[in-house]
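Put together the whole structure using the sequences plus the hints.
Heads up: the sequence lines are chains A and B, in that order.
Each residue of the first sequence is one higher than the last, beginning at 973 in the working numbering.
Each residue of the second sequence is one higher than the last, beginning at -6 in the working numbering.
No lab work stands behind these hints: they were computed from the structure.
Some hints here could point you the wrong way.
To be verified - Using 27 Å as the maximum straight-line C-alpha spacing, the simulated DSS-like pairs for lysine-lysine come out as follows: (1) Lys280(B) to Lys474(B); (2) Lys1428(A) to Lys445(B); (3) Lys1167(A) to Lys280(B); (4) Lys371(B) to Lys979(A); (5) Lys473(B) to Lys622(B); (6) Lys445(B) to Lys1167(A); (7) Lys149(B) to Lys1167(A); (8) Lys1372(A) to Lys76(B); (9) Lys76(B) to Lys317(B); (10) Lys1480(A) to Lys135(B); (11) Lys149(B) to Lys135(B); (12) Lys1197(A) to Lys149(B); (13) Lys1167(A) to Lys473(B); (14) Lys1050(A) to Lys1167(A); (15) Lys979(A) to Lys411(B); (16) Lys500(B) to Lys1167(A); (17) Lys979(A) to Lys1126(A); (18) Lys1089(A) to Lys1126(A); (19) Lys445(B) to Lys500(B); (20) Lys445(B) to Lys280(B); (21) Lys527(B) to Lys1202(A); (22) Lys1089(A) to Lys1058(A); (23) Lys527(B) to Lys474(B); (24) Lys1372(A) to Lys1429(A); (25) Lys1480(A) to Lys1372(A); (26) Lys135(B) to Lys1428(A); (27) Lys1372(A) to Lys317(B); (28) Lys1429(A) to Lys135(B); (29) Lys280(B) to Lys149(B); (30) Lys474(B) to Lys500(B); (31) Lys317(B) to Lys500(B).
For reference, the chains in residue letters:
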Amino acid sequence: MSGALEKIQRQIQWNRLIAVVEEQAQTMIRTAFSTTVREAGDLSAGVFDLEGRMMAQAVTGTPGHVNSMAEAVGHFLKKFPAHTMKPGDHYITNDPWLATGHLHDLTVVSPAFRNGKIVGLFANTAHIIDIGGLGMGPEGRSVFEEGLYIPIVKCFEAGQPNDTFFDFIRAGSRTPVELEGDIYSLCACNDAGAKRLVEMMDEYRMESLDDLAAFIFDSSMSATKAEIAKLPQSVVWRGEIRSDGYEAPVTLQAAMRAEGGEIVVDFAGTSGLSTRGINVPPAYCRAYACFGLKCVIAPEIPNNWASLLPFRMEIPEGCILNAPRPYPVSVRHVIGQLIPDLMMGCLAQAIPDRVNAEGSSALWNPPLRGGSQVSGQAAEVEDFEIITFNSGGTGARPTKDGLDGIAFPSGVRTMPVEATENVAPVIFWRKELRPDSAGPGKTRGGFGQIMEIGAKKDAEFAVNAIFDRVANPPKGRFGGGEGAGGWVGLDDANGTVLRTKGFQVIPKGRHLVLKLPGGGGMGDPKQRDPALVARDVADGLVSLAEAKRVYGQG
Amino acid sequence: MSSQARLAVDIGGTFTDVAIEATTGEDQVQRWTAKVLTTPHAPELGVLEGVRVVLARAGLQPSDITLLIHGTTLATNALIERKGAPTALLTTEGFRDVLALGNESRYDQYDLNIELPQPLVPRRWRLPVTERLDNTGQVLVKLDEEAVRAWIPFMKAEGVQSLAIGFIHGFVNPVHERRAAEIIRAEWPELPISLSCEVSPEMREWERFSTTVANAYVQPLMASYLARLEAGLRSGGMTCPLFLMLSGGGLTTIETASRFPIRLVESGPAGGAIFSAHVAKQRGWGKVLSFDMGGTTAKVCLIDDFAPQASRTFEVARVGRFRKGSGLPLRIPVIEMVEIGAGGGSLAHLDSMGRIQVGPESAGADPGPACYGRGGTKPAVTDANLTLGRYDAAAFAGGSLALNTQAAEAALVEHVGKGLGLEAGMAALGVVEMVDENMANAARVHAIESAKSYEGRAIIAFGGGGPVHGYRVAEKIGVKKLLVPSGAGVGSAIGFLRAPVGYEVVKSLYTRFASFDVAGVNALLAAMSAEASKVVAEGSFGAATVEHRIGYMRYVGQGHEIAVALPVRPLVEADIAAIRAAYDAEYTRFYDRPVPGSDVEVLSFAVTVATVVEDVEPAAEVAAAPAPKPIRSQQVRDTATGVVATWQVYDRTQMAPGAEVPGPCIIAEDETSTLVGPGWTCRMDGLGYLELTRGDA
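Dropping the structure here:
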């Protein structure tokens, strides 16, 4: 009977561990300074065993950090082995290749001690608002231009802040108070997790996490393998997706197969590196590839070392998904967030009734800057630097329409226009759904949005554009049509078109207009329920002409 | 006449609970209660029936009642079932999709088939008009009055029956919202109109518009229901004042409730929290955790200093298994609590990894748990409790429902035991441990989300399941004291009787401590105080009132505010430093580390005016009394150790104040059982409440 009780208690402990890391993430959201963390939720939190294997990850957070943060802990342990760690130590880095892919993400690792003995590690990652350099954008030609580079160092030693470290940090950022506050917040949330972990170990009189880790890893591994075994084995599925790129279009290619309990993805055929910051470090590629596979194949299995292990990526050297240091990587999400669509393009050949059509996918975040950093002494408004998190439509689903103006695969949220207008001298003149942008199909894609943004007093300002899917709109599947491609330009009479990437000034008196892409459709539009077409027409989302042309109605 | 008889009615999903408390000349309080079935098609009928029953029990006439307090889930149900009025939204050109876009996110990262809540107003009825204010309230673009007028024939043709008006920054300067309402009223006076600047005057357009639209959506229904109810009560001879319970814990008049019915949505659970707060006050316990576990959900609420924690954000009609972010956001004064899908009817199964999952799916009343023998084949929490030996199959619910233990065991083995190689008893243990763990985790995360700790608190447990699961949840979060009050079955209705007549006004005004706008803040607070006082005066009949003022503030750049009390008088410069110091102290208390060198910003203010709640006399110490005799014993499996042992069962009605029994044992009563786990002791206090303590607490 004690065997049965142990079996149940291990389940309870696993459940508790997930609550512990959720508490860790919520502490971060409540105490963080950067809008990117507290408003947008661009963060991740997890608990690890002493070998650096992730045991549980908070549900709250964004997929870009999945298993890139998990890999990071191993790098920390290489430099600072567990037995050298002391209570009150906190370790930090933003190395894109040792952590989550660009300098704006800080990763902090902290040991948890029980009765003077180290029992586990907590890690978290957060996207902070500024790390110096050129700022968030694609313009850097090497990582050195993209901001302050923090190797793995101790930011706190035995509970004492490392003053030299904090001096460097404050000097290197446009927002020193926020940055320092965020680092305090990251350390505090790891401490919160450690405290709860020790309470659980006391309650169950656990001397180490080894048995629990083994149980979690065994259950997760076998469940994941069982799901993979349901797929056709040893058949190669190929997929391709195109991005607008920076200086030239980029093609991502994948060949996928399920065999031996694993899914192996080979990215051979993918375009080479860019000279600008859209390159993707390999850990970030693995993160989004893994997410794309997992949400189709095994969405219920919690993230941990073992549940991620059966997804293996082969990323050739020299391709844009395996950027080496010191290539620029600041806005790696523009390419990286297309990877789940690429994965679903492969899986569509194996399990067509479980994947989506392509969506807008890459976030349409406009980094806006104004005041003297743009206009010098002629500035009419105070200096500002803001970013909002916006999204086009998601791809159609086998039995449901895509979502309108909703982030996918990213897990971030946007902030209210009223709040944005309170922190910076900008006016959002328009932010609403974009009619006729959804890819038609039996189920249609989600609609994109139209945003029109000006500065107060219609002053001059600038956008550091990082937009994609303009020349390469989201594709439909199985007879569904393409979503509308994006558009970036001005509100002038000629409809002046701007570049999709790079720093550009919006002249005085003009507004920036963004038309966000719609998601691709799925299935033959002629088979769509006429009542749904009529609803979209009545709602002003599908024009009569479009209803007639693509749906044969009206 | 010095005697008072106050009546409370709580309409729930299944039952309408009614309670009367009467004070006789010698200050003796007597209570009568009744439960009748809710009548969803015409809820006033159930209320009238319940009132008739309870009056008969009390031997009172309708005219003897001096005050009637009513709470209802009617507005909530209308939102969940989408049965409100066809509603339109008049809004700023360029922003007609604020309700559809929300915060552009998914509440579940991994579910490709996710459903998001649909806006209450379809896009074709979201009507844009040209106008625009900036964040300071200055007019950037004048209201196009012709455009407003032009929508009237369209709305009439479409059958619109209620209208919400919400403009960007309309809460800063209501001039455009009010003018638009004026134009429409002039031509269509009978159309109910809800303005965002009145319903929810706070920053964040999605939440404000959502709240305003929800108010407009339920307004015709609620106004007509309240009018029918009042007419029914009056024609039955009831002459007393009628008050409605608000989700924020105060009471208001029918007139105010009819204008802002969205403030009624969570009134039942609010009553439960007030019930707990009152019990805490009776015992003089400054920090408690209210734990209300019913048939489908459990509600956890932290109560400090005898006042339930106030909040301004709430979600209604969640579409994603109680998941946060899957409902319609409301910004109204509410009592902060967490509600999870964990109740006696919650069903258990194994997921793909063989992990036991409990809820949120519930067996409901029909077919109910497997042990009810009404055709249910899936194991519910009640089945697991029965299998563990916690209930006597013959004596459940006062013997009114004989339980089938074999059916419970079979369901547990089939859906849980088989997959894990466990027999029924251990499968039951797994289910109960998991649901207890889920509730403990909800309490943990709720505490961190509200920046409070649960350490050192006492739990007040009520609802059908609270007294059964309370001690184990307490063990899981390290709590050593648990109280099971009497009247726990109609806790919410009793809570209504303890609520003050009160009203809260919240308004946004941004200011930083470095440049604190003393004059501006004073003007705003004075106006808010006058507004709240006016509403309260309608129902307080000259009773003494008390006012509270709060500023919601945070370090500049942070995202979550902390509530800091402000003096109730015009502020002077000297107050600024004191308020700032109070903020730093609060922050450090929650998060250990203050942040050096940061300014603090205030985002909004709240003013509450409420009648003074009568002082409660702390319970008198009672002398030890002899322990009652057990009425029987049961073989019960302990969920912490798996050990099966003999637990004595006592009848609560046979227990005298001061009597003490050691755990493990069960104190049985008609509506529920209080479990006293191994290592716990149960003593009846001077109020007749069961006080459980663990170990050396």
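Hints, verified against the model:
Straight-line distance between C-alpha atoms of Lys280(B) and Lys474(B) comes to about 11 Å, which keeps the hinted pair within the 27 Å bound. Annotation: proposed proximity of Lys1428(A) to Lys445(B) is violated, straight-line Cα distance about 41 Å (limit 27 Å). Restraint check for Lys1167(A) and Lys280(B): the C-alpha separation of about 22 Å stays at or below 27 Å, so the hint holds. Restraint check for Lys371(B) and Lys979(A): the C-alpha separation of about 22 Å stays at or below 27 Å, so the hint holds.
Taking the CA atoms of Lys473(B) and Lys622(B), the gap is about 26 Å. The hint holds against a cut of 27 Å. About 15 Å separates the Cα atoms of Lys445(B) and Lys1167(A), which keeps this hinted pair within 27 Å; it holds. Proximity of Lys149(B) to Lys1167(A) is assessed by CA-CA distance (about 61 Å); at most 27 Å being required, the pair is judged violated. Note on Lys1372(A) and Lys76(B): the hinted pairing holds, with a Cα-Cα distance of about 24 Å set against a maximum of 27 Å.
Among the hinted pairs, Lys76(B) with Lys317(B) is consistent with the structure: their alpha-carbon atoms are about 23 Å apart, no more than 27 Å. This hinted pair checks out: Lys1480(A) and Lys135(B) have alpha carbons roughly 22 Å apart, not beyond 27 Å. A threshold of 27 Å between alpha carbons decides the hint, and for Lys149(B) with Lys135(B) the separation of about 25 Å falls inside it, so the pair holds. About 59 Å separates the Cα atoms of Lys1197(A) and Lys149(B), which puts this hinted pair outside 27 Å; it is violated.
Taking the CA atoms of Lys1167(A) and Lys473(B), the gap is near 19 Å; set against the 27 Å cutoff, the hint holds. A hinted pair counts as satisfied when its Cα atoms are at most 27 Å apart, and Lys1050(A) with Lys1167(A) qualifies at roughly 25 Å. For a cut-off of 27 Å, the pair hint linking Lys979(A) to Lys411(B) stands: about 14 Å separates their Cα positions. Among the hinted pairs, Lys500(B) with Lys1167(A) is inconsistent with the structure: their alpha-carbon atoms are about 38 Å apart, more than 27 Å.
Of the pairs offered as hints, the one joining Lys979(A) and Lys1126(A) is violated, with about 39 Å between alpha carbons and a cut-off of 27 Å exceeded. Restraint check for Lys1089(A) and Lys1126(A): satisfied, since their Cα atoms lie roughly 19 Å apart, inside the 27 Å limit. A C-alpha spacing of about 24 Å is found between Lys445(B) and Lys500(B), which places the hinted pair at or below 27 Å, so the restraint holds. Proximity of Lys445(B) to Lys280(B) is assessed by CA-CA distance (about 10 Å); at most 27 Å being required, the pair is judged to hold.
This hinted pair does not check out: Lys527(B) and Lys1202(A) have alpha carbons roughly 67 Å apart, beyond 27 Å. About 9 Å separates the Cα atoms of Lys1089(A) and Lys1058(A), which keeps this hinted pair within 27 Å; it holds. Taking the CA atoms of Lys527(B) and Lys474(B), the gap is near 42 Å; set against the 27 Å cutoff, the hint is violated. Distance restraint check for Lys1372(A) and Lys1429(A): the Cα-Cα separation of roughly 44 Å exceeds the 27 Å cut-off, and the hinted pair is therefore not satisfied.
For the suggested pair Lys1480(A) and Lys1372(A), the alpha carbons sit about 44 Å apart, so the restraint of at most 27 Å is broken. This hinted pair checks out: Lys135(B) and Lys1428(A) have alpha carbons roughly 17 Å apart, not beyond 27 Å. For the suggested pair Lys1372(A) and Lys317(B), the alpha carbons sit about 22 Å apart, so the restraint of at most 27 Å is met. At most 27 Å may separate the alpha-carbon atoms for a hinted pair to count; Lys1429(A) and Lys135(B) meet this at roughly 16 Å.
Between Lys280(B) and Lys149(B) the alpha-carbon distance is near 54 Å, which puts this suggested pair outside the 27 Å criterion. Pair hint Lys474(B) plus Lys500(B) does not hold up; C-alpha atoms about 39 Å apart against a cutoff of 27 Å. Of the supplied pair hints, the one linking Lys317(B) and Lys500(B) holds, its CA atoms being roughly 25 Å apart against a limit of 27 Å.
Hint check: violations occur at hints 2, 7, 12, 16, 17, 21, 23, 24, 25, 29 and 30; the rest are consistent with the structure.
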